[in-house]
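*Asks:* Given the coordinates of chain V, work out where chain L should sit on it, guided by the hints.
Number of protein chains: 2
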Amino acid sequence: MKYLQSAKNPQVKQWKKLLKRKERDITGTFLVEGFHLVEEALKENRVKELMISEEKDIPKSWNVGNCSVYILPSHVIGDLTDTQTPQGIVAVCYQEEERSFDSLGLKKLLLLDEVQDPGNLGTMIRTADAAGMDAVIIGHGTVDPYNPKVLRSAQGSHFHLPIIHGKLDVWMKELKENNIPVYGTALEGGKEYQSFAPLDEFALLVGNEGNGVNKELLTQTTANLYIPLYGKSESLNVAVAAGILLYYLRNE
Amino acid sequence: MKYLQSAKNPQVKQWKKLLKRKERDITGTFLVEGFHLVEEALKENRVKELMISEEKDIPKSWNVGNCSVYILPSHVIGDLTDTQTPQGIVAVCYQEEERSFDSLGLKKLLLLDEVQDPGNLGTMIRTADAAGMDAVIIGHGTVDPYNPKVLRSAQGSHFHLPIIHGKLDVWMKELKENNIPVYGTALEGGKEYQSFAPLDEFALLVGNEGNGVNKELLTQTTANLYIPLYGKSESLNVAVAAGILLYYLRNE
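Quick mapping for you: the protein sequence lines, in order, are chains V and L.
Be aware that the first sequence starts at 1, since it is given in our numbering, and climbs by one per residue.
Be aware that the second sequence starts at 1, since it is given in our numbering, and climbs by one per residue.
Okay, chain V solo, but in the shape it has when bound (with noise of 0.2 angstroms):
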């Protein structure tokens, strides 16, 4: 264990760099925050770097014997962070690595087409987590998943599933040539999702909060379904559709 006092020390500026993208995408780290994450984080031996609050310890039962440990004024910790009630902990994870289709045996994905809102991306890692999808595909234009809320609103999925940024249109193609159905997601020129058997085998691909799933896209899938409207609303959260979706079409 190592004890850094100042906020100018440079490893706590290096750390304070993360909460920006492009050096988590330059270094393939990020932060996570708070007893909960950190600890999903550490079962899952992506912790790199871990940093304490002087006044917080360490819960006994974690075993942190392959990631250094820092131990900081709590001020310094609440400068890596962007909560409000920061809980005097912080890590620096691992991004998981890119991999391709082959690499993978991959049967449940979640694809997700230029999807804009944080809160919405976390909370589909954490639906496709939980409705047991085997990885999320993020594309080009979709809001960075490291972000501090897009980790905040996964709960720890992160750490449960693979999430790999990969060009979709190359996903669906490989995904088709092997049997596995790409559904597409669209309000008009598609059919209700009832009229669809549940499967051992698929990939979902939902789009974004405004426009839906792009266009070009819709084409190259195995077919396109929409979520009946009973009443006078005009379309469904997305994060809400995704999991009435994920849950339907899965086999139980």
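Be a bit skeptical, because a hint or two may be false.
Some, not all, of what chain L presents toward chain V, calculated at C-beta under 8 angstroms [what the hints assert, rightly or not]:
#1 Thr123
#2 Asp129
#3 Ala130
#4 Gln155
#5 Leu161
#6 Pro162
#7 Leu229
#8 Tyr230
#9 Ser233
#10 Leu236
#11 Tyr247
No wet-lab data here; the hints were simulated from the structure.
Ideal Cβ placement from N, Cα and C applies to all residues, glycine included.
*Replies:* Then chain L, alone, in the frame of chain V:
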């Protein structure tokens, strides 16, 4: 139409008070912001007063015959909303009247117990609308449904179905006496939701983000159910869970 130039005008001061729950409760009115929400409120004849920036025009298709219209400088309009990029239009709307079960003839309801997050509440109102529910019953301890964040998340669904404050135990008793089953959601002591058949009439009871539904209420339901977690996540977001269950339980 009236032109009000000053933020110090007593009328403007009165409107500003509606940013606080206390004044909304006293007056039975609330503020909505933006063209979409105001349009939805107008369609349902729920607008008392309409305030528009002098830089904006009321769309020609709107019928504003039943409400008072005020023209204000745009910075004064901005004071009446908590949004960062106000659209220059705000309306004072009438809240739903308190109503009893008997007066309504409701068949499909969503009951909410101590939901804390405005985004979750708004999303559930929107989902209940989409799923064709007849009303949302808001129990004691739930965040104010007329909070601006709730209104934004619900995207106008407040005007599409009754949002009724009520005592959940009283409503549950009435529902059961009318042979409408009440399903509680519980992680422990319930059955998988897939073991229940879809119905024409039912009430679904969901609860607080951290603690779920009050245990005492769960003893008063017809049955309790849960959504299986197939991965490693410990729970689903409450709005996602409500969406999965409402779409599953309703008959197509």
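*Asks:* All hints are to be evaluated individually against the structure, with a verdict given for each.
*Replies:* The hints, checked one at a time:
1. For L:Thr123, the suggested interface contact is upheld, since its CB lies about 5 angstroms from the closest CB of chain V, less than 8 angstroms.
2. Interface hint status for L:Asp129: upheld, as the beta-carbon distance to the closest one in chain V is roughly 4 angstroms, under 8 angstroms.
3. Hint status for L:Ala130 relative to chain V: holds, with the closest Cβ pair at about 4 angstroms, below 8 angstroms.
4. The interface hint given for L:Gln155 is met, as the beta carbon of that residue sits about 7 angstroms from the closest beta carbon of chain V, less than 8 angstroms.
5. A distance limit of 8 angstroms between C-beta atoms decides the matter here; for L:Leu161 the minimum to chain V is near 6 angstroms, and the interface restraint holds.
6. Nearest Cβ of chain V to the Cβ of L:Pro162: about 12 angstroms, over the 8 angstroms cut. The hint is violated.
7. Interface restraint check: L:Leu229 against chain V, minimum CB-CB distance 5 angstroms, threshold 8 angstroms, status holds.
8. With its C-beta approaching chain V no nearer than about 3 angstroms, L:Tyr230 sits inside the 8 angstroms limit, and its interface hint holds.
9. About 4 angstroms separates the beta-carbon of L:Ser233 from the nearest beta-carbon of chain V, less than 8 angstroms, and the hint is met.
10. This hint holds: L:Leu236 has a C-beta 5 angstroms from the nearest C-beta of chain V, less than the 8 angstroms allowed.
11. At its closest, the beta carbon of L:Tyr247 sits 5 angstroms from a beta carbon of chain V; the interface hint therefore holds under the 8 angstroms criterion.
In this structure, only the earlier hint numbered 6 is contradicted, and the remaining ones agree with it.
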